[in-house]
Amino acid sequence: MSKEEIHHPTAKQYFRIAMVLSVITAIEVAIFYLEFLGYWMVPILVVLSTGKFALVAMYYMHLRYDHKLFTYLFVSGVVLATVVIFAIISLFSFGIGRW
Amino acid sequence: MLNFNTLKQATPLVLTLLISLVLIACYPEHNQSTFDAAGPVAEKQLNVFWWILIGAAIVFVIVEAALAYAIIKYRRKDESETPKQTHGNAKLEIVWTTLPALMLIIIAIPTINTLFYAAEPPKHALEQHTLKAIGHQWWFEFRYPSPLDENKEIVTANEVYIPVGYPISIELDSVDVIHSFWVPKLAGKVDMVPAEGNKMWFEADEPGVYYGQCAEYCGDSHANMRFRVVAVPENEFNDWLAYQSAPAIESPDALALSGQEVFKSAGCSGCHALKTVVNKGSKGRIGPNLTHVASRRHLAAGVLTNSEDGGPVNDSYLQENLRNWIKDPNSIKPGNIMSAQGVVYTDPDRKLTEEEISALVGYLTTLK
Amino acid sequence: MSTDVHNNNTHEDHDYTTTGLNHRKMLMWAFLGSDCMFFGALIATYLVYQGKSLVGPYPIDVFDIPVTSVSTFVLLMSSMSMVLAYAALTQNKINGFRIWMASTAIMGATFIGFQVYEFSSFSTFHVDIESCAEQKVKYGKFDDYEAELCSNAKEDHVETHDGLKPQTNLFGTTFYTLTGFHGAHVTLGIVWILSLLFLSYKKGMITPERHLDVDLAALYWHFVDVVWIVIFTVIYLFGVFPFPGS
Amino acid sequence: MSSLPIPVPNIKISRPVNPTGIWSWITTVDHKRIGIMYGITAFILFLSGGIEATIMRLQLAGPELDIVSAAIYNQLFTMHGTTMIFLAIMPLSAAFFNYLIPLQIGARDVAFPRLNAFSYWTFLGGALMLKLSWIGGATDAGWFGYAPLTSIDQNPGKGIDFWILSLQILGVASLGSAFNFIVTIINLRAPGMTWMRLPLFTWMSFITAILLVLAFPVITVALIELTFDRYFAFNFFNVANGGSVVLWQHLFWVFGHPEVYILILPAMGIVSEVLPVFSRKPLFGYATVVLAGAIIAFMGWMVWSHHMFTVGLGPVANTVFTITTMLIAVPTGIKMFNWIGTIWGGSLKLNTPMLFSLGFIAMFLIGGLSGVMHAVSAHDAQQQDTYFVPAHIHYVLFGGAIMAILSGIYFWFPKFSGKMYSEREGKLHFWLMMIGQNVTFFPMHFVGLDGMPRRIYTYAEGMGWDLWNAVATAGVFILIAGFLVMINNLGRHWRNGPTATNDPWDARTLEWSISSPPPHYNFEEIPVVRSLDDWWETKYGTHEKAVPVSGSSDDAHNSDIHMPQPSYWPAVTSLGLFVGGYGIVFNDLLFPYLFAGIGLLITVIGVYAWSLEPVNDPE
Ligand code: HEA
Ligand code: HEA
Ligand code: CUA
Ligand SMILES: [Cu+2]
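Residue numbers (my numbering), protein chains in the order written: chain A, 25 to 123; chain B, 627 to 994; chain C, 953 to 1198; chain D, 137 to 755.
Rather than coming from a laboratory, the hints here were simulated on the basis of the structure.
Here chain D is said to cover these stretches of chain C; the calculated rule only asks that three of the stretch's residues, wherever they fall, bring their Cβ under 8 Å from a Cβ of chain D:
no., region
1, 972 to 986
2, 992 to 998
3, 1118 to 1129
Quick reminder that beta carbons are idealized off the backbone N, C-alpha and C, glycines included.
Kindly generate the complete structure, drawing on both the sequences and the hints.
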């Protein structure tokens, strides 16, 4: 009943996104076994999974087509959670923790 | 009738209070006053405090004065008056954003400086002046590196001697919960975090007895977890350490001998050690080391005083305190582990008799 | 203007709202933002304790990446099926809706099944000295680390640690808690989806006009999916990666 | 809309029709009634926290007193802190949210009336659970419950379990109401009520609600971890297996610091409403004050380790947190100066609410400055865990939050009661508060810097602390006198005070445009807002523009007033949580987790019935 529906992707597009998601997952797992990457694996995997995250949020959760407000509500949680995770880890790594 | 005039009067009142804060708290009798710094760390920390106190006083006076002025000046005189409807002033707002920020930056500089100063002992700190302080519910264990054997440590409790004029590094640890090691006149506190330890340092400028107290809430008798730092000249310190390394005195006195028996049979020796030299890093006993308990000015972690005005130990005080303590530790330190776990306190059948107590007191008094 | 008060409440969907957005949908988004902090705190705990376990088993001992990859794939597909259910409903294809909903629930349940399998196999896991060589083949990576592990296993693993329980070490504690709470979210989602499926057999309960009821469940379901995306990468893929100090 | 078929076979769920008496309160979904229930409950809980404080002060009046035992004292300060923060100030703020936000934004109710009722009942359950734990030994690990004092080894009693479970339940309540107000404020603003026309109290409440939904999950996780440690021997905070007790501190304060701004922002909102009214002048720098509030909330996330300066995070981390903490003084200062800018050049009428708001500025300043002194981490090593911290706490929480809340109570008293209180007694109350709190809390600065640790049940003679402790104890009696005056004043006049007019203060916001107390449906006609301080501009004919920026009253479906129907299910659902909470604490009773299961069942039934009950009455 609201205007948003008009723009919603079709079933076919949903399916295509699912394929992309599966392929990325497959790539992730493959990369995991590429030992020579060493620590480079971390940023690569972070980028790939962020991509998956974004795809699901934007299309399956139709954030792309909805009001920006929803994006703000959700992304503020995502960003804050990420920042807090990093802050706590770094406090432990140069504090009295044993890293 | 109360009215705004009272508020007007409140400002000088609060100011007077602020000044008396300085006066009262500087008064040297106060054993744990942070205003009576007796070492470089505490001094530097105190200096930062003066900076921020001055800053705060300035802000306080400006804001309260503006508030009081506005209240007096702009009272409603006529019910129908409508003042000019001002909505804001960007310039003013910028001013009162930047000025406080500047002020804080100025204060941040000595703060950070002191922070780093207090964090690491100075380069000239000596290895032999590194001691360990270990928090127990509710007393402190101290360990010195043995001057004779680098694999040994000398254990004492609740009273820690340091040589005047040397930076002392302290490795902090705890066996149970978080405690905090604090001697206000020598340095700000640092927490004793179980398993993660911590470190700090301080130095005493003058000989004297400095009061310390556990500052992190640690359970029932947190209030009774105190200790003393005794700063003495270097030679006296060395003598003291040599004396502490010696094992407990065997007194020929009959009462003491029977007390020694009771000490074993009543299970005291299960928790209390009677020799001070132990292997480095070995696990401590549940209770404080008693080898030289009679040489300490206080009993039960600074709660009972065995001397008059911090002077030498007075035997009659000591005996009375020992008696009270052994009779009913719980009345002196609620919740303490000795009465919670010592079999003579938990098992009514094995309750100490008066004679046994007297014997124990007699024996412990000989442990100079 | 009439002032008489009718004591009835029109459905929230039809009320005037300032932004034109639906109340419940906004609530859902705010909740999801908040739930990010919930998982954030759990993940932070996991990462702080990564590599700090005093005894094994360690992630590298128990994780079976191929298996988890499959369950990850299943969860991803369930997200697709959920979005297709929603699309079917908006086009008034009620049967399509039911089929996709059912398949979402089934895939969710499959995921939970994998998790149950994983938990039970972890908790009965033990390092077998003989199979050390075999283990190496199984992962085929980080040989030094594995070798070290196997030699450790000779010393203490076998008798002292029989299986990974939450009580065993920090890894067990944090791993089970984090993935367990994710599993609980999935389970709740399944209950919700099944309730909707059930309601769709009641006349007038699930209609294209009331697609919002399904939309909310779908948002929740996709959220649970994105959380898993993070967990899979950060916990599983990084978990067997030898971080400094671990 | 026609009524919907009832989905659950053979079970007829219907909503209560015009219940009366106690049932009308239990089933109510009216935000005004819920607000009043929140307020009264929280005020009683505040008194209980005050009584706990009074006993503590008596014990500390002199050295080595023996009024309560160490064990009881430790329970007292823990319960006092927890009560004041979670059961007094937060719900008192919630009372204002409930009562005022719909009125201020021109709405007839909140977005989710039943969720609102649920929040209240859940809060009540959590509060009862915590307070009843006095029977049999309450929690005694301090309000921030540092590990490992809360571990099962250290603390085998049920007190900690009650504390954990009640905080979890209270968390559900807070989250519920925070979500509700986020949606309400975004979505139920009257036509023309743009963001920059939102009354300040509503703005600050909105920011608070956002803080709540982001902060509470963190404490929820921390408490879950603690629960698992205690109940199932997990290792989160178990040092023996490599756990870190410092992790608890991080998790707690990641929540805890935003929490203190959750306590103060609504208070700042109240003050920002009161000052303009009694100065007859708009708020100075409205946009800046709003922005400063948002910045405080944002920066509140970056400072949590200032509670951990002595834990040993190292000088680098301490430096970072020193700087971020100090910077928070800047936006707070902006607010302070804007408030002074508001009264500057105004026409001040020193009625009771105004006095309390001015008192707030004077007292919160002291608390803020001692906060900045804490932020000076080099010297915080001397202040941390001494009475200097309680001095700070009470100046910001009593001098700040409580003063502002009292200001709000007097300010809106005519609105929610329809009666006038006695101005003379109100002023007496104010002066007793001002004198009482300074006599009680100012000496804490002295003893703190004089080396008196906090949380000690007794202290030795000759430490130099005797005098100021005695003074502090004396101060409490002034406070008690003050509160007795207040209870008498408001209690008496609520029943038979003179009738209040709709707008006794010549106020500025929409709630004053309707009758006192407001009708069930609030606004006969949803107002169309044309400017900030719309009601004032309407009265004085000084609107910014003649036409609203957007929307018209047509948008609001004015023709019919639809009010939500009462419902049983919110209360039932909360009851389930309460029972479940008890069931978990007494998990060993009868069958393990039997009562927890029953609680869960009740909750599930409640939730299903709630979501399936007809949205309009079938009768
Ligand atoms: C309402 C609650 C509230 C509020 C608003 C604040 C506000 C602040 N708090 Fe406070 N705080 C608590 C509640 C609160 N606090 C509690 C409950 C604890 C103890 C927890 C416990 O241990 O039990 C605590 C503890 C606490 C600590 C830890 C102390 C310790 O344990 O060692 C610190 C340290 O930095 C701190 C700092 C601050 C600062 C910098 C502010 C700032 O936001 C204050 C800013 C305001 C001003 C500065 C005044 C106005 C500004 C101006 C007029 C501008 C000009 C000013 C300058 C240039 C300085 N607080
Ligand atoms: C909102 C927060 C708030 C408020 C309002 C108060 C109010 C008071 N607080 Fe508290 N306080 C805290 C929050 C608060 N406190 C916190 C968070 C802690 C830290 C806890 C911890 O360490 O874990 C603390 C700790 C704390 C301590 C330190 C304890 C210790 O460390 O050992 C002390 C000591 O004096 C104290 C005293 C008081 C007093 C005297 C009041 C007074 O203002 C109370 C005044 C109110 C009353 C006296 C009630 C009045 C009315 C009546 C009694 C009327 C009669 C009754 C009927 C008719 C029914 N508080
Ligand atoms: Cu140890 Cu307090
Ligand atoms: Cu803080």
